[in-house]
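Q: Letter by letter, the chains look like this.
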Amino acid sequence: MSNSVTTIYIPRDTTALAMGADRLATEIAAEAANRGESVEIIRNGSRGLFWLEPLVEVETTSGRIAYGPVENRDIDSLFDQAFLSGETTHPLCQGLTEEIPYLKKQQRLTFARAGITDPVSLEDYQQLDGFNGLKKALQMDGQSIVDEVKTSGLRGRGGAAFPTGIKWQTVLDAKSAEARSGKQDQKYIVCNADEGDSGTFADRMVMEADPYMLIEGMTIAGLAVGADQGYIYLRSEYPVAHQILNEAIAKAEAAGFLGDNLLNSGKTFHLEVRLGAKAYICGEETSLLESLEGKRGMVRSKPPLPALVGLFGQPTIVNNVLSLAAIPYILSQGGQAYANYGMGRSLGTLPFQLAGNIKRGGLIELAFGVTLRELLEEYGGGTFSGQPMRAVQVGGPLCAYLPESQWDTPMEYESFQAIGAGLGHGGIVVFDNSVDMSEQARFSMEFCVAESCGKCTPCRIGSTRGVEVIDRIRNDENRAANMELLDDLCETMIDGSLCAMGGMTPFPVQSAVKYFPEDFNQPKQAAKGSARS
Amino acid sequence: MTAVNEQLLPVVTEVIAGLKHKPGALLPILHEIQNRLGYIPPDAVPVIAESLNQSRADIHGVISFYHQFRTTAPGKHTVEVCRAEACQAMGARQLEAHAKATLGVDYHGTTGDKNVTLEEVYCLGNCACSPSIRIDDEIVGRVTPEKFDQLINELRSQTLEVL
Numbered sequence: 127m128s129n130s131v132t133t134i135y136i137p138r139d140t141t142a143l144a145m146g147a148d149r150l151a152t153e154i155a156a157e158a159a160n161r162g163e164s165v166e167i168i169r170n171g172s173r174g175l176f177w178l179e180p181l182v183e184v185e186t187t188s189g190r191i192a193y194g195p196v197e198n199r200d201i202d203s204l205f206d207q208a209f210l211s212g213e214t215t216h217p218l219c220q221g222l223t224e225e226i227p228y229l230k231k232q233q234r235l236t237f238a239r240a241g242i243t244d245p246v247s248l249e250d251y252q253q254l255d256g257f258n259g260l261k262k263a264l265q266m267d268g269q270s271i272v273d274e275v276k277t278s279g280l281r282g283r284g285g286a287a288f289p290t291g292i293k294w295q296t297v298l299d300a301k302s303a304e305a306r307s308g309k310q311d312q313k314y315i316v317c318n319a320d321e322g323d324s325g326t327f328a329d330r331m332v333m334e335a336d337p338y339m340l341i342e343g344m345t346i347a348g349l350a351v352g353a354d355q356g357y358i359y360l361r362s363e364y365p366v367a368h369q370i371l372n373e374a375i376a377k378a379e380a381a382g383f384l385g386d387n388l389l390n391s392g393k394t395f396h397l398e399v400r401l402g403a404k405a406y407i408c409g410e411e412t413s414l415l416e417s418l419e420g421k422r423g424m425v426r427s428k429p430p431l432p433a434l435v436g437l438f439g440q441p442t443i444v445n446n447v448l449s450l451a452a453i454p455y456i457l458s459q460g461g462q463a464y465a466n467y468g469m470g471r472s473l474g475t476l477p478f479q480l481a482g483n484i485k486r487g488g489l490i491e492l493a494f495g496v497t498l499r500e501l502l503e504e505y506g507g508g509t510f511s512g513q514p515m516r517a518v519q520v521g522g523p524l525c526a527y528l529p530e531s532q533w534d535t536p537m538e539y540e541s542f543q544a545i546g547a548g549l550g551h552g553g554i555v556v557f558d559n560s561v562d563m564s565e566q567a568r569f570s571m572e573f574c575v576a577e578s579c580g581k582c583t584p585c586r587i588g589s590t591r592g593v594e595v596i597d598r599i600r601n602d603e604n605r606a607a608n609m610e611l612l613d614d615l616c617e618t619m620i621d622g623s624l625c626a627m628g629g630m631t632p633f634p635v636q637s638a639v640k641y642f643p644e645d646f647n648q649p650k651q652a653a654k655g656s657a658r659s
Numbered sequence: 083m084t085a086v087n088e089q090l091l092p093v094v095t096e097v098i099a100g101l102k103h104k105p106g107a108l109l110p111i112l113h114e115i116q117n118r119l120g121y122i123p124p125d126a127v128p129v130i131a132e133s134l135n136q137s138r139a140d141i142h143g144v145i146s147f148y149h150q151f152r153t154t155a156p157g158k159h160t161v162e163v164c165r166a167e168a169c170q171a172m173g174a175r176q177l178e179a180h181a182k183a184t185l186g187v188d189y190h191g192t193t194g195d196k197n198v199t200l201e202e203v204y205c206l207g208n209c210a211c212s213p214s215i216r217i218d219d220e221i222v223g224r225v226t227p228e229k230f231d232q233l234i235n236e237l238r239s240q241t242l243e244v245l
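Here the protein sequences line up with chains A and B, keeping their order.
Each residue of the first sequence is one higher than the one before, counting from 127 in our numbering.
Each residue of the second sequence is one higher than the one before, counting from 83 in our numbering.
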């Protein structure tokens with residue numbers, strides 16, 4: 127029996143909870159009490175090594191030692207094999223957490239604190255460089271802050287990859303109608319936390335593992351452009367992130383990091399979380415603004431840009447969680463430090479997210495330029511099922527399915543554009559050889575039927591017709607004519623839709639047809655058979 | 083107006099009074115009504131419309147636009163099955179078929195004992211441990227048909243304990 131208190135970390139992240147972390151924490155505490163061991167259990171964020179969740183870490187003199195994935199039935203043997211004293215004999219022991227190759231090989235700038243800290247502890251955050259960016263920003267004028275962001279080369283991480291510094295400059299220079307008539311000038315910072323793409327969870331991890339980083343990034347954005355109110359538009363599918371964000375905002379307000387007098391500077395920034403209501407389209411920025419205003423999430427025509435006429439008609443920055451989360455590092459270390467990572471016009475790092483049928487799924491933050499194959503093989507370790515990989519969808523439900531011949535493409539914006547694909551928000555969904563690509567193409571259209579806002583006819587009606595045409599192809603009715611019709615329909619949707627929903631839904635469909643033609647060339651049962659052989 | 087709704091309306095007016103000052107108050111109001119009552123009673127629509135100085139059509143339009151808002155009472159628990167790509171790659175299609183067969187309802191349906199309402203969802207952000215479902219506010223990963231049955235049985239036995 128040890129006399130000192132041993133610190134144990136068990137994450138409160140969604141994936142850890144989904145794999146049983148809450149019950150595990152309760153049982154470990156009970157077992158420690160049973161055995162007369164003193165432990166302190168800290169509910170940290172996740173390291174993003176999701177295949178090891180729940181990942182239990184024990185603080186030792188040589189560092190934190192990881193065990194995972196731990197189930198309740200493992201608790202007795204962990205105690206028996208003295209895991210509290212740093213014994214590494216247990217089969218679930220992964221050694222020192224920081225030495226796990228999956229984590230060690232990463233270049234973590236945005237996720238530097240993820241999983242290390244208690245997400246709502248202001249002390250933890252400040253011990254690891256937290257609020258240094260804000261402190262610097264409070265000494266700078268708006269233009270200098272925007273210049274630092276321009277130097278970083280940061281491009282919008284939501285998928286569109288628009289240069290963040292230029293967007294901020296537009297809002298900084300914008301004069302609202304009120305300002306032109308001499309009244310109070312109201313601008314807004316809106317964080318797009320409607321992370322709806324399947325295969326993505328980086329925004330969620332920021333909010334659940336390091337919420338103060340997002341709060342700090344939004345506050346800096348407010349200082350840069352002269353906005354005193356921010357909103358985080360969070361999807362309602364993320365109840366854990368909602369809880370953690372609200373805890374963090376309340377603590378930040380109480381400690382003077384948010385509110386009317388930021389760190390006694392006399393500057394103001396208020397922040398509020400608003401929940402979406404299960405509508406994928408609200409991840410599109412203009413639809414999101416409509417939703418924040420209390421309306422149906424219908425896409426707006428652009429121009430005017432939201433930067434000029436945004437929320438409630440005022441100049442507004444709408445940035446993705448990851449873009450805003452990159453800001454504290456850029457301000458604290460300098461824009462050039464961030465720009466030293468990456469390649470070409472894709473500077474900095476991107477958190478890639480390995481998901482679907484993959485052995486070691488999780489978050490991998492690396493500089494742009496790593497190949498897809500390195501991620502799939504070195505990090506992912508092949509499929510979960512053990513069957514050969516067949517198709518990989520990169521960038522979410524509106525981006526292409528890639529066949530193996532394209533897996534050596536460097537993960538950066540221009541290289542992906544060159545092969546007709548997209549990086550989107552960095553999500554990577556892996557399928558093994560049991561996938562039927564005509565079924566996946568059908569789903570792309572079906573998803574658009576469910577999620578189209580209905581404004582543009584090619585998206586609203588075209589998606590329904592798309593499901594019907596693909597059904598006819600799958601049923602072997604007039605195959606050649608229907609394939610031609612599908613091609614024509616895709617072109618109409620691409621050219622005739624205002625936003626990416628209708629304009630990009632055809633991309634996964636077209637890529638499935640182009641690279642996996644065998645799944646469209648025969649009735650569906652036969653197609654499945656040939657795919658497996 | 084039915085007797086049931088007469089009991090619900092004070093909740094509606096209380097929620098509106100607490101939130102109507104917020105800019106863009108409609109979504110927060112609808113969320114809070116649904117949190118408190120489980121759904122948005124149709125009789126709440128004219129009350130909301132009047133307090134926000136909008137038309138009933140506006141309010142109805144917003145309620146019907148979002149998949150989350152419902153105008154009928156749900157079961158005691160809501161079970162959402164993820165239908166998105168990462169879960170598909172791990173057997174979500176079989177899982178949703180199993181869920182419908184086991185519960186004997188389609189999406190948006192409620193079991194005869196009013197215990198479970200089945201809903202679809204597109205991504206719960208647990209894509210590295212698919213397939214996923216959500217039971218009320220709890221997300222569960224790596225859900226096999228067997229695990230699904232076990233979770234549903236736990237919900238049923240909870241209800242029995244309460245009875």
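One or more hints might be untrue.
In the BS3-like style, the derived pairs of lysine-lysine whose C-alpha atoms are separated by at most 25 Å in a straight line are [claimed, not checked]:
1) A/Lys428 with A/Lys301
2) A/Lys428 with A/Lys393
3) A/Lys262 with B/Lys229
4) A/Lys421 with A/Lys261
5) B/Lys104 with B/Lys158
6) A/Lys404 with B/Lys182
7) B/Lys229 with A/Lys485
8) B/Lys158 with B/Lys196
9) A/Lys276 with A/Lys377
10) A/Lys230 with B/Lys196
11) A/Lys404 with B/Lys104
12) A/Lys404 with B/Lys196
13) A/Lys276 with A/Lys404
14) A/Lys377 with A/Lys404
15) A/Lys261 with A/Lys428
16) B/Lys158 with B/Lys182
17) A/Lys393 with B/Lys182
18) B/Lys104 with A/Lys377
19) B/Lys102 with A/Lys421
20) B/Lys104 with A/Lys421
21) A/Lys377 with A/Lys261
Please keep in mind that the hints were generated in silico from the structure rather than gathered at the bench.
Q: Compare the structure with each hint and give your call.
A: Structure-based check of each hint:
no.: 1; hint: A/Lys428 with A/Lys301; result: 18 Å, holds
no.: 2; hint: A/Lys428 with A/Lys393; result: 32 Å, violated
no.: 3; hint: A/Lys262 with B/Lys229; result: 51 Å, violated
no.: 4; hint: A/Lys421 with A/Lys261; result: 37 Å, violated
no.: 5; hint: B/Lys104 with B/Lys158; result: 31 Å, violated
no.: 6; hint: A/Lys404 with B/Lys182; result: 21 Å, holds
no.: 7; hint: B/Lys229 with A/Lys485; result: 20 Å, holds
no.: 8; hint: B/Lys158 with B/Lys196; result: 6 Å, holds
no.: 9; hint: A/Lys276 with A/Lys377; result: 31 Å, violated
no.: 10; hint: A/Lys230 with B/Lys196; result: 50 Å, violated
no.: 11; hint: A/Lys404 with B/Lys104; result: 21 Å, holds
no.: 12; hint: A/Lys404 with B/Lys196; result: 23 Å, holds
no.: 13; hint: A/Lys276 with A/Lys404; result: 34 Å, violated
no.: 14; hint: A/Lys377 with A/Lys404; result: 28 Å, violated
no.: 15; hint: A/Lys261 with A/Lys428; result: 36 Å, violated
no.: 16; hint: B/Lys158 with B/Lys182; result: 17 Å, holds
no.: 17; hint: A/Lys393 with B/Lys182; result: 55 Å, violated
no.: 18; hint: B/Lys104 with A/Lys377; result: 22 Å, holds
no.: 19; hint: B/Lys102 with A/Lys421; result: 14 Å, holds
no.: 20; hint: B/Lys104 with A/Lys421; result: 14 Å, holds
no.: 21; hint: A/Lys377 with A/Lys261; result: 18 Å, holds
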